[in-house]
Amino acid sequence: MIPAASFSGKRVSLFGLGGSGIATAHALIAGGAEVLAWDDNPESVAKAAAAGIATGDLRAADWPRFAAFVLSPGVPLTHPKPHWTVELARGAGVEVIGDIELFCRERIAHAPAAPFIAITGTNGKSTTTALTAHILKSAGRDTQMGGNIGRAIMTLDPPEPKRHYVVECSSYQIDLAPSINPTAGILLNLTPDHLDRHGTMAHYASIKERLVAGSDTAIVGVDDSWGAQIADRLERAGRQVTRISKRLPLTDGYFADGTNLMEAVHGRYSRVAFLEGIGSLRGQHNAQNALAAVVACLKVGLELGEIQAGLESFPGLAHRMEQVGRKGHVLFVNDSKATNADAAAPALSSFPS
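In case it helps, my numbering puts the sequence shown at residues 36 to 388.
Treat each hint with caution, since some may be false.
Unchecked claim - Label pairs and their calculated CB-CB ranges:
hint : residue 1 : residue 2 : range
1    : 270       : 312       : 52 to 58 Å
2    : 227       : 282       : 19 to 25 Å
3    : 340       : 380       : 45 to 51 Å
Stated by the list, open to error - For lysine to any residue, the following SDA-like pairs were computed, each having C-alpha atoms within a straight-line distance of at most 20 Å:
hint : residue 1 : residue 2
4    : 172       : 348
5    : 82        : 65
6    : 45        : 172
7    : 82        : 69
8    : 45        : 88
9    : 334       : 300
10   : 197       : 38
11   : 334       : 82
Just so you know, the hints here were simulated from the structure itself, not pulled from any lab data.
Note that CB positions come from ideal geometry on N, CA and C, so glycine has one too.
Construct the entire structure; sequences and hints are all you get.
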């Protein structure tokens, strides 16, 4: 667990008592905060109370006494309208944050040199997160993986200078992390998604942009116009930007040429890694995921040989291009995590028709 000591001796309200909410409450309590938590689900409230977390209906709370309000990312912050707790917090001038923000503050306070790789994008986040963490672990690095991929970030081991953090971030989580500041921030791609929660594509893209805008190095997929514009905008602002493409031979950056992953420096190309024969990374979409992981690992000091070994030993994720069996000449692949057309199409196109 990472104790959230930044709120030691202060009162903090929290809404959302699922797994990550309870973990966050425990982290705040361990850090010395006085927590008052609530949820619309009575069973969740009872479970939290049984776990030693103080609970109470936040409608009746004395909001000006809170130093911060920690909101579950699954609860609407802005669209279709702010949750009632958000309105109460803002009305009292209380900052609204999430667990990713708590992690960022603890890292900066206790181990700002700890390498922190944060991954976002409409599609490919989980594969890229798992692949990056796998490469680091296979190279012998102390590595912690969490966030949207399934493990609540505040349950990870506390920051230390040589401890690497690989964190998947949804748009909801980024929206609640105003000071997110990765060593390497990855924005894979952008297509319309979650617009019921963000209102417009422009607003959705602006939230994703925050992750890379706060990074020491921004690794940006430029195969869609949104990503290309973000990369250009960050570069004009003086940020360190590395472009990646699964199909474009870039002048500067990293791109896929079939199964070869290439580096371009002023129009001169060299191969940095290859995916030939790696079934878990089949397809153009996985070439993009691998490019992002390769670049991030280079940025935190890995050698190319270590990275290639990690690529070749990557087992993949369940339900993502997962080879589940064969019958005769038929290969059965489970890609049921592709939850939208933009996610399913690249997987299908990776096989001959």
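Item to check | Non-conforming hints, listed in increasing numerical order | outcome: Hints 1, 3, 6, 11 contradicted; others consistent.
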